[in-house]
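The residues making up each chain are set out below.
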Amino acid sequence: MRLLSALCLAISLLLSGAALSAQDSMPPAPYAYRQLDDPDKEAEAKALMETLRCLKCQGQSIADSDAPMAGDMRHQVRTRIEAGESPDEIRDWLVERYGDYVSFAPRFDGATWPLFALPVVIVALALGLLWRRLGRRG
Amino acid sequence: MIAEFGLAALWLAAALAGLQLFAGAIALKGRAGELSRLVRPVAVMQGALTAVSFAALVMLFLRTDLSVKLVVANSHSAKPFIYKLAGTWGNHEGSMLLWVTVMAGMGALIALLERRLPERTMLATLATQAFVGLGFYAFLLFSSNPFERLPMPAAEGMGLNPLLQDIGLAFHPPTLYLGYVGLSVAFSFAVGALLTGEVGPTFARVMRPWVLGAWIFLTIGITAGSYWAYYELGWGGWWFWDPVENASLMPWLAGTALLHSASVLAARDALRAWTVMLGVVAFSMSMIGTFLVRSGILTSVHAFAVDPERGSFILVLLAIYIGGALTLFALKAGSIAEGARFSATSREGALVFNNVMLSAILGIVLLGTLYPLLTEAFGVKVSVGPPYFNPVGAIFAVPMLVVMAVGPLLRWRRDAFARVRKSVIFVGLIFALLLAVLLFWRPMGLLPWLGMALSVPLAVASVLPLRGRNLGHLPLSVWGMVVAHFGLALALFGMAADSALTVEKLAAARIGDSTKVGPWTVTLDSVEPVAGPNWIALEGRMSATYRDKAESSVIAPQARSFWAPPQQTTESALLTRWNGQLYAVLGDETEDGRWQLRLWWKPFVTCIWFGGLLVALGGFLALLGRVAVDLRRRVAVRKIAARKEELEKVQGR
Numbered sequence: 001m002r003l004l005s006a007l008c009l010a011i012s013l014l015l016s017g018a019a020l021s022a023q024d025s026m027p028p029a030p031y032a033y034r035q036l037d038d039p040d041k042e043a044e045a046k047a048l049m050e051t052l053r054c055l056k057c058q059g060q061s062i063a064d065s066d067a068p069m070a071g072d073m074r075h076q077v078r079t080r081i082e083a084g085e086s087p088d089e090i091r092d093w094l095v096e097r098y099g100d101y102v103s104f105a106p107r108f109d110g111a112t113w114p115l116f117a118l119p120v121v122i123v124a125l126a127l128g129l130l131w132r133r134l135g136r137r138g
Numbered sequence: 001m002i003a004e005f006g007l008a009a010l011w012l013a014a015a016l017a018g019l020q021l022f023a024g025a026i027a028l029k030g031r032a033g034e035l036s037r038l039v040r041p042v043a044v045m046q047g048a049l050t051a052v053s054f055a056a057l058v059m060l061f062l063r064t065d066l067s068v069k070l071v072v073a074n075s076h077s078a079k080p081f082i083y084k085l086a087g088t089w090g091n092h093e094g095s096m097l098l099w100v101t102v103m104a105g106m107g108a109l110i111a112l113l114e115r116r117l118p119e120r121t122m123l124a125t126l127a128t129q130a131f132v133g134l135g136f137y138a139f140l141l142f143s144s145n146p147f148e149r150l151p152m153p154a155a156e157g158m159g160l161n162p163l164l165q166d167i168g169l170a171f172h173p174p175t176l177y178l179g180y181v182g183l184s185v186a187f188s189f190a191v192g193a194l195l196t197g198e199v200g201p202t203f204a205r206v207m208r209p210w211v212l213g214a215w216i217f218l219t220i221g222i223t224a225g226s227y228w229a230y231y232e233l234g235w236g237g238w239w240f241w242d243p244v245e246n247a248s249l250m251p252w253l254a255g256t257a258l259l260h261s262a263s264v265l266a267a268r269d270a271l272r273a274w275t276v277m278l279g280v281v282a283f284s285m286s287m288i289g290t291f292l293v294r295s296g297i298l299t300s301v302h303a304f305a306v307d308p309e310r311g312s313f314i315l316v317l318l319a320i321y322i323g324g325a326l327t328l329f330a331l332k333a334g335s336i337a338e339g340a341r342f343s344a345t346s347r348e349g350a351l352v353f354n355n356v357m358l359s360a361i362l363g364i365v366l367l368g369t370l371y372p373l374l375t376e377a378f379g380v381k382v383s384v385g386p387p388y389f390n391p392v393g394a395i396f397a398v399p400m401l402v403v404m405a406v407g408p409l410l411r412w413r414r415d416a417f418a419r420v421r422k423s424v425i426f427v428g429l430i431f432a433l434l435l436a437v438l439l440f441w442r443p444m445g446l447l448p449w450l451g452m453a454l455s456v457p458l459a460v461a462s463v464l465p466l467r468g469r470n471l472g473h474l475p476l477s478v479w480g481m482v483v484a485h486f487g488l489a490l491a492l493f494g495m496a497a498d499s500a501l502t503v504e505k506l507a508a509a510r511i512g513d514s515t516k517v518g519p520w521t522v523t524l525d526s527v528e529p530v531a532g533p534n535w536i537a538l539e540g541r542m543s544a545t546y547r548d549k550a551e552s553s554v555i556a557p558q559a560r561s562f563w564a565p566p567q568q569t570t571e572s573a574l575l576t577r578w579n580g581q582l583y584a585v586l587g588d589e590t591e592d593g594r595w596q597l598r599l600w601w602k603p604f605v606t607c608i609w610f611g612g613l614l615v616a617l618g619g620f621l622a623l624l625g626r627v628a629v630d631l632r633r634r635v636a637v638r639k640i641a642a643r644k645e646e647l648e649k650v651q652g653r
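Those protein sequence lines, which keep their order, are chains X and G.
Each residue of the first sequence is one higher than the last, beginning at 1 in our numbering.
Each residue of the second sequence is one higher than the last, beginning at 1 in our numbering.
FYI, nobody ran anything at the bench for these hints, they're computed from the structure.
Mixed in with the good hints there might be a few duds.
Claimed, not checked - Simulated DEER-style distance windows between Cβ atoms:
hint, chain 1, residue 1, chain 2, residue 2, range
1, G, 63, X, 117, 54 to 60 Å
2, G, 561, X, 117, 45 to 51 Å
3, G, 443, X, 93, 23 to 29 Å
4, G, 324, X, 96, 20 to 26 Å
Beta carbons are placed, not taken as given, at the ideal position from N, Cα and C, and that holds for glycine.
Chain X on its own, in the form it takes in the complex (with noise of 0.2 Å):
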């Protein structure tokens, strides 16, 4: 019983490291590193690009990065957007997949309300600053 297990445990770590090397040495997605022909929509495509977070990188787009995985993504955009999906629809499908933090745009929502909520706090202090600097002697 133990052998058997055991014996589970080594095809499934050989099959899933087959797979993922398998993973690594795939062509590139063919979207990847193509443009759509429509113009109008590959510009479409490549806005939506921009605003996205390439996973495995520091603080670049799938727009800007040459790894695996951000082509994969730009494949999934350009596809979707040449099937006719929208941006958002676009973008609320990849948020599904992995989180809020693959949008470089922040939505509205319990946690990120500060983000929107300061600025006007901080249009009001200014305001208030300028008027108290420069009002009352104008």
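Since chain X is already given, all that's left is putting chain G on it; use the hints.
Relative to chain X, chain G alone:
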């Protein structure tokens, strides 16, 4: 021996910093007597010792001394000379030693040169500089010793990250650090002035050249860093709103605000507390930037939590210095009089407006940079990037740029809008006209549209202060302002043009195939193997023809493979014309024997960096002007003193 020598020099320097702080503090209490005379020489000695220590580390790297841990981890005997040299600061410990060296060097310079301030304020300033320095000495000596030896010398070094093996590394970090750490002088002057309560025009005049110097280096550092990222990363991006970039932008924003408010204080004795506050904030931003870059927190909050020693150390330093300075400010700000008053339509009014806008942008960048780290600590990972920074920053940047066009035309204290009405209408008309023309020309995003339309009137407005003035007798500092403001307009134009007009072409080409990108036709002539000192590469030879010109230029991008450490990089090839750059990258070979090419035509992209350099040049002209005026004043004061003495002698007889 060299390593031990360097370490000993560092310890001695730290001890002297302790003495400098002690003597300065006692002197402030007014009980120092003889001791207070020690402060200046000690500061100079401390600067010299850190320089010796840094020179020792450079020597170790040049010799590739493989018994030193840092050299083994970051260098390799086969590396070209320039990268052995630059490798000294291309790592954590070395860069922190550079930080401390610059900090102590700046302290030594002000101790040697600065004689205008009341001696008490000067001693408080030097004591503060030593106090801040001590924290970073402790950080180096206790948790990042660059001179640590290995028990057994290694056979070979691990090499330097190939992305860093570029001429950029030789210049980018030293200039950036001179800027970052140069702002420590502003911090020390501000704290010194707070301690003694002597905030006035003299304080601003004394602080200004130091801030200008630091700011020039910071400007060059950011500009060079942006160009480096642009050509090294191989995708044509030049600014990513990456936390590391933001870390250098934040001190620049604060420094820019500080420079402008210091000139109000120097000229008009207004904005006293605000200037002191900005002096504290500017260097605080440098320290926050150092924390972000050096603590490992950016890779992941969890990486930081696993090895928190260095990060926590800097965090504690941040809390002590920033918290301490802000507390001091809160306690003392009330005792600093507000200063002279002015009306809203005046040079001061415009400067105050832009100071507030710059501070607001700083707030946005700080928020967007720190917020993801904060949420990650609570287990929620979010990203904040260009879609956030660009529009939210623009809310403040656009009004600021508009006021920047008008401000230099206004007079100090009080002005009538009617006096500048014609200029404003002229510049406003150009803006409106461009907005309309661009709208009909081609579709583009809101920000590039605004940016391009704004940049031209801004450039025109920047030279308007020269109108009606005798150019031969204009002070250098006015030229400095004009050049810097023009540079900013030029950079803005480059940024907007790059986002609005760039043409991208990804192609898979056989040898002999031609590809069109914008006005260019690029033909792949051959792909050849080439070798460098520590890499091999495939080089794509391409000929590029602009429109239907007869002659073509050869460009040769490379795909390099380094072997120590093993890593691949793309070396883009750039072809520069006056109206833009052709950017070419060689990718992989496809299965059917074609080569992947990435080509961009980027109209006017070089304006970004020329603009940045002009901004720095403007700063340099202003600095030159200020120093010249100061030197002339010193000579005059000395002459008057000599005459007085002579007169007294004559009268005495």
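Status of each hint after checking the structure:
Between residue 63 of chain G and residue 117 of chain X the beta carbons are some 56 Å apart, a value that agrees with the proposed interval 54 to 60 Å. At about 49 Å, the beta-carbon gap between residue 561 of chain G and residue 117 of chain X stays in the expected band of 45 to 51 Å. Take residue 443 of chain G and residue 93 of chain X: their Cβ atoms lie about 27 Å apart, and the range 23 to 29 Å holds. About 47 Å separates the C-beta atoms of residue 324 of chain G and residue 96 of chain X, a value inconsistent with the hinted range of 20 to 26 Å.
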